[in-house]
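First residue of the sequence shown? That's 140 in my numbering, and the numbers climb one at a time after it.
Treat each hint with caution, since some may be false.
[What the hints assert, rightly or not] Subject to a maximum C-alpha distance of 30 Å in a straight line, what follows is the list of computed DSSO-like cross-link-like pairs (lysine-lysine):
hint, residue 1, residue 2
1, LYS181, LYS144
2, LYS194, LYS143
3, LYS143, LYS175
4, LYS190, LYS143
5, LYS181, LYS165
6, LYS181, LYS143
7, LYS194, LYS171
8, LYS194, LYS144
9, LYS165, LYS143
10, LYS171, LYS143
11, LYS181, LYS194
12, LYS165, LYS194
13, LYS144, LYS175
14, LYS175, LYS194
15, LYS147, LYS165
16, LYS147, LYS171
17, LYS171, LYS144
18, LYS190, LYS171
19, LYS147, LYS194
20, LYS181, LYS147
21, LYS190, LYS147
22, LYS175, LYS147
23, LYS175, LYS165
Hints in this document: simulated from the structure, not taken from any laboratory. A quick note: this is a predicted structure, and the numbers were derived from the prediction, not measured.
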Amino acid sequence: MVDKKRYKIGPGTISIITMDQYNEIKSAFLNKNQAKSSLFRKFHRLYNIDKYTFKAILNEIYDEHQHPSSPVSHHVKSKRNYISTKNEYLMGYNTHQFYKNPPKIDVIPRQHNN
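Make the full structure from the sequences, and use the hints.
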């Protein structure tokens, strides 16, 4: 019996691919040799996979590799560090305080000619 993966891609629509197809897509996606659009064209021609199934497969692969138990690449770690330091830097300035409490400015009411 061949192992298969099922993807629900719409109401009442289930797409099924084999584990060999899944592993081939996964290895091609993780090697980053081609853009996603060219990978989709390649596997659409080979296995007749529609775009919704392909997106579901890529989302699953992405989620699997973002799990804390899996190793994180160096550029992702440095990006996370940059974001955290950037947010800490901006927190000291209370960026949203201006929008919650705008400065009071003396406004001269408009004169209406009746």
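Which hint numbers does the structure go against, in order from smallest to largest? Per hint list: zero violations.
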